[in-house]
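Construct all of the structure, not just a fragment, from the sequences and the given hints.
The listed protein sequences derive, respectively, from chains R and X.
Note that the numbering used here numbers the first sequence so that position 148 is 148, with each residue one more than the last.
Note that the numbering used here numbers the second sequence so that position 354 is 728, with each residue one more than the last.
Treat the hints as calculated values from the structure; they're not laboratory data.
Misleading hints may appear alongside valid ones.
Claimed, not checked - Here chain R is said to cover these stretches of chain X; the calculated rule only asks that three of the stretch's residues, wherever they fall, bring their Cβ under 8 Å from a Cβ of chain R: (1) 423 to 434; (2) 470 to 479; (3) 484 to 494; (4) 510 to 519; (5) 605 to 615.
Glycine included, each C-beta is placed from N, C-alpha and C at the ideal position.
Protein chains: 2
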Amino acid sequence: MKVRLLLALLLSVFVGHPGFAQTNAPADDRKPASSNQPGKEYPKVNSEGRVKFRIAATNARVVGVSFRDSSAFTKGEDGAWYGHTRPLDDGFHYYTISMDGAEVPDPNSRMFFGAQRWGSAVEIPAKDEATYTLRNVPQGQLRELYFHSPSTATMRRAFVYTPPGYDQNPDKRYPVLYLQHGWGENEYGWGVQGRAREIMDNLIAENKTRPIIIVMIYGMTNETRMGGMRNFDIGPFETVLVKELIPFVDANFRTLADQPHRAMAGLSMGGMETRMITLRNLDTFSHIGIFSGGSIAVTNITDMAAFKAKNKLVFVSYGSKELGNNRGGNPKADADALKAAGINSHFYVSQDTAHEWQTWRRSLREFAPLLFKD
Amino acid sequence: MKVRLLLALLLSVFVGHPGFAQTNAPADDRKPASSNQPGKEYPKVNSEGRVKFRIAATNARVVGVSFRDSSAFTKGEDGAWYGHTRPLDDGFHYYTISMDGAEVPDPNSRMFFGAQRWGSAVEIPAKDEATYTLRNVPQGQLRELYFHSPSTATMRRAFVYTPPGYDQNPDKRYPVLYLQHGWGENEYGWGVQGRAREIMDNLIAENKTRPIIIVMIYGMTNETRMGGMRNFDIGPFETVLVKELIPFVDANFRTLADQPHRAMAGLSMGGMETRMITLRNLDTFSHIGIFSGGSIAVTNITDMAAFKAKNKLVFVSYGSKELGNNRGGNPKADADALKAAGINSHFYVSQDTAHEWQTWRRSLREFAPLLFKD
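Okay, here's the thing in structure tokens:
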């Protein structure tokens, strides 16, 4: 079941979701995507969420893009190739340009890590984008640092979000959320395309969540070659996270260093990791968030009395467009059953989004206000 | 001039890499470049500093790389294209892959911002690389944050390096270095390919420099389209740096917020900016670093008595391979004249490097120990 769930998650990344009905002519109100390199006009996005590309490849014979149901690319009068997508969902999508048999990043796009590589992606504007874009509100910091991991004999990168006011209040201590990316992604995901910093700064500015520290690290222990999921063993990563990272963070940041003030959450594979690690470490984590990564059934809990005493929140979320594909059980029914068993169980569905970052941005936005309500 | 340039190029090939003169075939001791994407075997670098590329572009007709004097790319038995460079200088080099008329990033390379785009680059191992690579020593942090700039009506990104111990010593205050990138680059440069964090952590671990805060921002005010240099006006950036960033940093970090503890340095265009801004703001900056970006002649100083009273260091550096090309005068003679005039003047030449990051990494390594010797 574990393998089937992950297979479904992985497929949904690449196959995507049902498109809208195509109109004859794309709306002619295109604007440069916010994900473009500085000064680049293309890719451009119109009000339908269609993306138009321009690829300067004068002598290429075939040019295309990895979004399914895209138009054929044709050569313009300027010698460049042009093509456009179907209407895409709001939010962030990885893609690749194909050119005479090569798969290359679009030189016009900024580069993001996902699908196991630094490559191109496009941002489709959304009605709720003010919740995850930079605003002139009190700002947190995203700190890049390294810690030594004896179990892997490596220096490992961590990103630590410290909330607004952290440096100005040297006596204040904060709860901590350990937040994981998905398969094929890395520790940059939440801080870059996930917009975790902007989401938190904006929530805090609106007094919708308390200031918390967020810690993000790579969720596997195979830096040189990203492993498959078939033989995935949670053990090595659990050791890094629980035995090495948490003590490091508690020693180097002003944390509330106890179980009631420590949460873990993750998306997709990171959600699966969250479920496995939190269920095995009830004395370490009190709040659990699983975004598009399965759910916790009553039958997953071996000692319900202990779980009820120690757990303060189980939050599960999905995008509405991926829910029907979920072969990992019925997450809504699992959430309801947990609630009936007396757990503080929340279930959230992101409307009209699939197994993509827009679902996870919204999940963080909904999850954070539920944390550490003491 | 052309003859001298040619001589320099020949020297860079035959003197810098003796292995090339001794054999016709590239040495067969290639290793994956440290600048590669995770798990990618190519580009590979051999002991001569030659880089071999593999580009999976089965149906392409012509493939090449932007390094001059590279071999022609040929198709291997696996259908991919292979080619290699001449021996390159130690250190970091931007490049682009050409494919049937398109200029694209190498999908195998991590992405770096330079030459006005996020694109590929390759790292050639160097004898002194231990000075700028990650080691298990006390670690500083590289903090990404935003500040509001009224003069440009934008939120602007800054990277702030805080030295090891910054969070552990809440009563300690630190001097500050404002450090600028070159034209075509941005505020990521020093923290990523510049290795500023690693250089400082390693120097501090060896007790070769005092702990300082380093602040890095984008050195122009035209985010949407990088401007040319012809009509460059230092005014808008000077306002952002001096009137907005410095007060922000002094309010939000534990700085020694006075002229004796504030330095500015930069590379190439950033060196030119440093010269212009520091000479106009003697009461703001006491220490000056100009890396491959000109020098300060005695005649540039309008009031030598005031300069001598206020300035504590003028550091000028170049790569040995770019010195002959310097159209900005004679930087060594300028440095000598400053010294004769009683200024604490230092001139440094990075051996066997050109107008590239290896020169600037070494320049920071030499500059930092001279800072704030009070």
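For each hint, the structure was consulted:
{"no.": "1", "hint": "423 to 434", "in the structure": "holds (count 6)"}
{"no.": "2", "hint": "470 to 479", "in the structure": "holds (count 8)"}
{"no.": "3", "hint": "484 to 494", "in the structure": "holds (count 6)"}
{"no.": "4", "hint": "510 to 519", "in the structure": "holds (count 8)"}
{"no.": "5", "hint": "605 to 615", "in the structure": "violated (count 0)"}
In terms of the numbered hints stated before, the structure departs from hint 5 and from no other.
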